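Trainee: These protein sequences, in sequence, are chains A and B. For the first sequence, our numbering gives the first residue as 1, with consecutive numbering after it. For the second sequence, our numbering gives the first residue as 1, with consecutive numbering after it.
In short, the hints are calculated from the structure, not lab data. Errors might be hidden in some of the hints.
[What the hints assert, rightly or not] Per the computed footprint, the stretches of chain B lying under chain A, defined by three or more beta-carbons under 8 Å from a beta-carbon of chain A, are:
| id | segment |
| --- | --- |
| 1 | 129-143 |
| 2 | 305-312 |
[As the list claims (entries may be wrong)] Derived lysine-lysine pairs resembling DSSO-like cross-links, with alpha carbons at most 30 Å apart:
| id | chain 1 | residue 1 | chain 2 | residue 2 |
| --- | --- | --- | --- | --- |
| 3 | B | LYS279 | B | LYS319 |
| 4 | B | LYS194 | B | LYS44 |
| 5 | A | LYS223 | B | LYS310 |
| 6 | B | LYS15 | B | LYS316 |
| 7 | B | LYS319 | A | LYS182 |
| 8 | A | LYS182 | B | LYS211 |
| 9 | A | LYS20 | B | LYS279 |
| 10 | B | LYS108 | A | LYS161 |
| 11 | B | LYS310 | A | LYS161 |
| 12 | A | LYS246 | B | LYS110 |
| 13 | B | LYS194 | A | LYS2 |
| 14 | B | LYS294 | A | LYS16 |
| 15 | A | LYS161 | B | LYS294 |
| 16 | B | LYS44 | A | LYS246 |
| 17 | B | LYS57 | A | LYS246 |
| 18 | A | LYS223 | B | LYS110 |
| 19 | B | LYS108 | A | LYS223 |
| 20 | A | LYS16 | B | LYS130 |
The structure displayed is predicted, hence computed values, not measured ones. Using N, Cα and C, we set each Cβ at its ideal position, and we do this for glycine too.
Single-letter residue listing:
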Amino acid sequence: MKILVCISHVPDTTSKIVFKNDNTEFDAAGVTFVMNPYDEFGLTKAMHIKESMGGTITVVNVGLAATESTLRKALAIGADEAVRINTEPTDAAFVAGLLAEYAGEENFDLIITGRESIDYNGGAVPGILSAHLNIPFVNACIGLDINADQATLIREIDGGKETLQGKLPLLIAGQKGLVEEKDLRIPAMRGIMMARKKPLRVVEASEIHKQTTVLNYQLPDEKGACTIIDPDNVDQLVELLHSEAKVI
Amino acid sequence: MTVLVYAENWNGNFKKSTFEAVHYAAELANLMDAETVALTISAKDDPSQLGKYGAHKVKTIENPSLETFNNQAYADAIIAAAEESNADTIVISNTSNGKAIAPLVAAKRKAAFITNVIELPESLSPFTIKRKTFSSKAIARYQTESDKKVITITANAFEYSERGQSATAEAFDFQTTAPNQELTSVSIDRATGKIGLTEADLVVSAGRGMKGPENWGMIEELAEALGAATACSKPVSDIGWRPHSEHVGQTGIAINPQLYIAVGISGAIQHLAGVNASKNIVVINTDPDAPFFKAADYGIVGDAFEVLPKLISAIKTYKATI
């Protein structure tokens with residue numbers, strides 16, 4: 001089983017989001033970057049599959065050198081090799097195109113991504129990548145069982161879930177449920193030592209047309225003051241929800 | 001010029017997000033001086049009603065092989081309809097199925113793909129539009145030079161209104177190019193009669209302050225009295241008090257209802273990221289310093305176990321009068 005896990009390097013979930021250069025650029029100063037949380041579920045799932053069926057796990061990222069810490073972490077968790085496609089990931093079509101160029105030559109049986117990255121939240125790369133590779137795409141995947149080349153998949157749908165049957169190769173965009181949070185693998189000392197010797201290959205990015213450009217960013221409007229209501233006077237809340245907020 | 005909107009249905013029925021998408025497409029078409037064409041696939045509801053939300057024409061696909069959802073086949077159908085109606089701009093709801101289809105459509109059309117859109121474009125040339133980003137902690141202004149676009153719109157971000165006309169519906173003969181149906185649906189397990197979280201107008205949510213899953217009766221009773229959906233914080237779904245599907249926040253579901261009531265949730269930055277787009281936020285918490293009060297419109301500092309029964313009864317009394 002040849003598995004590819006696509007990994008994003010994103011600001012930690014506790015990060016305060018600040019912009020610079022006239023709000024045209026994310027200000028990374030003082031921000032801790034981590035592996036995209038959705039991708040962590042995918043990587044642990046890949047480990048489970050490898051342990052039960054054998055195979056190799058490659059992790060890939062489109063990013064500049066600073067993202068290597070996240071790739072090294074993936075190697076320490078248990079991936080066999082890492083590939084960094086060396087460019088700033090500025091647009092989903094661009095990133096998916098680069099990943100497709102790489103993955104198209106490798107014939108992976110299974111490609112796992114997160115359902116979206118927690119920075120740009122486009123949810124665009126996995127589907128576009130699957131279309132380029134012409135393999136089935138299961139979004140918001142919360143369950144995967146593989147038996148030879150047959151896969152049983154569960155995807156989250158609005159208000160429930162759907163079970164699907166498919167054949168490898170395929171691409172899943174995963175999230176919590178693929179494995180449980182308590183089962184997420186973290187690097188152990190031995191893994192960290194071994195990761196230093198594992199290959200991390202840097203591939204130069206080719207010219208791929210970008211479809212979108214971010215002009216600038218805005219922060220959401222500040223909330224006004226909170227109206228504090230006496231716990232013994234909940235009728236006032238009901239009244240305000242009716243007459244002021246007009247929601248009931 | 002044409003704007004094509006995929007008018008999604010669940011079990012044959014249109015839902016609120018469908019009307020929002022059609023309404024959005026019609027507003028966009030109006031700006032572009034274009035026609036709005038809606039596409040339905042295996043819908044049971046009367047397609048001509050989409051005219052009320054602004055569709056000029058409705059193309060309907062009735063094909064036994066498309067009765068169950070298949071993202072690849074549905075994407076191919078949307079592409080075929082876009083080609084036939086000469087539509088460069090395609091609008092799709094940001095629902096679970098929409099998100100599974102839209103990137104495939106964008107990739108095959110070589111279109112600019114802009115998801116989580118919250119407003120009509122600021123300008124058409126160059127095409128400039130806002131979308132939510134950084135888990136709703138920010139808004140990004142995107143620009144594209146591409147003529148071809150696929151836009152997915154956030155649920156609850158646009159109010160739709162009825163315009164009172166009905167649209168002409170015509171059958172669209174789409175034959176699937178078979179070999180792509182490599183995924184087959186085995187079963188669908190969906191709670192019936194419950195209000196879907198992403199499109200709910202009102203949401204009642206609770207956190208660890210509820211002390212245990214056995215106390216959720218009050219949350220459900222409040223939700224029922226209001227006609228609201230129920231949600232929970234991440235810690236609560238992690239410990240298994242509530243299902244993962246109820247987890248709202250940065251790594252769960254992002255919502256933007258008219259009213260979000262948070263009970264016993266302190267308001268960690270990750271939680272706020274998923275809910276701060278709610279139009280009105282009510283926070284009930286024992287701790288007056290809980291960070292959530294800073295993001296709230298209305299707050300009650302008090303014990304949920306004392307406040308909730310009073311609030312439930314006040315809501316019921318109010319509902320009985322209207």
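Trainee: Does each hint hold? Answer for all of them.
Mentor: Status of the hints after comparison with the structure:
1. Here the segment 129-143 of chain B counts 13 residues with a CB under 8 Å from a CB of chain A, which clears the bar of 3, and the coverage holds.
2. With 4 residues bearing a CB less than 8 Å from a CB of chain A, the segment 305-312 of chain B meets the requirement of three and the coverage assertion stands.
3. The suggested pairing of LYS279(B) with LYS319(B) holds, with an alpha-carbon distance near 21 Å, which does not exceed 30 Å.
4. As the CA atoms of LYS194(B) and LYS44(B) are separated by approximately 21 Å, the hinted pair is consistent with the 30 Å bound.
5. Our distance criterion of 30 Å between C-alpha atoms is met by LYS223(A) and LYS310(B), whose separation comes to about 27 Å.
6. Straight-line distance between C-alpha atoms of LYS15(B) and LYS316(B) comes to about 27 Å, which keeps the hinted pair within the 30 Å bound.
7. The suggested pairing of LYS319(B) with LYS182(A) is violated, with an alpha-carbon distance near 43 Å, which exceeds 30 Å.
8. Straight-line distance between C-alpha atoms of LYS182(A) and LYS211(B) comes to about 21 Å, which keeps the hinted pair within the 30 Å bound.
9. Straight-line distance between C-alpha atoms of LYS20(A) and LYS279(B) comes to about 28 Å, which keeps the hinted pair within the 30 Å bound.
10. Proposed proximity of LYS108(B) and LYS161(A) is supported: the alpha carbons are some 27 Å apart, at most 30 Å.
11. This hinted pair does not check out: LYS310(B) and LYS161(A) have alpha carbons roughly 36 Å apart, beyond 30 Å.
12. The suggested pairing of LYS246(A) with LYS110(B) is violated, with an alpha-carbon distance near 43 Å, which exceeds 30 Å.
13. With a CA separation close to 41 Å, the supplied pair LYS194(B) and LYS2(A) exceeds the 30 Å bound.
14. The straight-line distance between the Cα atoms of LYS294(B) and LYS16(A) is roughly 15 Å, inside the 30 Å bound, and the hint therefore holds.
15. About 35 Å separates the Cα atoms of LYS161(A) and LYS294(B), which puts this hinted pair outside 30 Å; it is violated.
16. The straight-line distance between the Cα atoms of LYS44(B) and LYS246(A) is roughly 34 Å, outside the 30 Å bound, and the hint therefore fails.
17. Taking the CA atoms of LYS57(B) and LYS246(A), the gap is near 35 Å; set against the 30 Å cutoff, the hint is violated.
18. Restraint check for LYS223(A) and LYS110(B): the C-alpha separation of about 39 Å exceeds 30 Å, so the hint is violated.
19. Our distance criterion of 30 Å between C-alpha atoms is broken by LYS108(B) and LYS223(A), whose separation comes to about 41 Å.
20. Taken as a hint, the LYS16(A) and LYS130(B) pair is honoured in the structure, with Cα atoms around 20 Å apart against an allowance of 30 Å.
In the structure shown, a violation is registered for the earlier hints numbered 7, 11, 12, 13, 15, 16, 17, 18 and 19, in ascending order.
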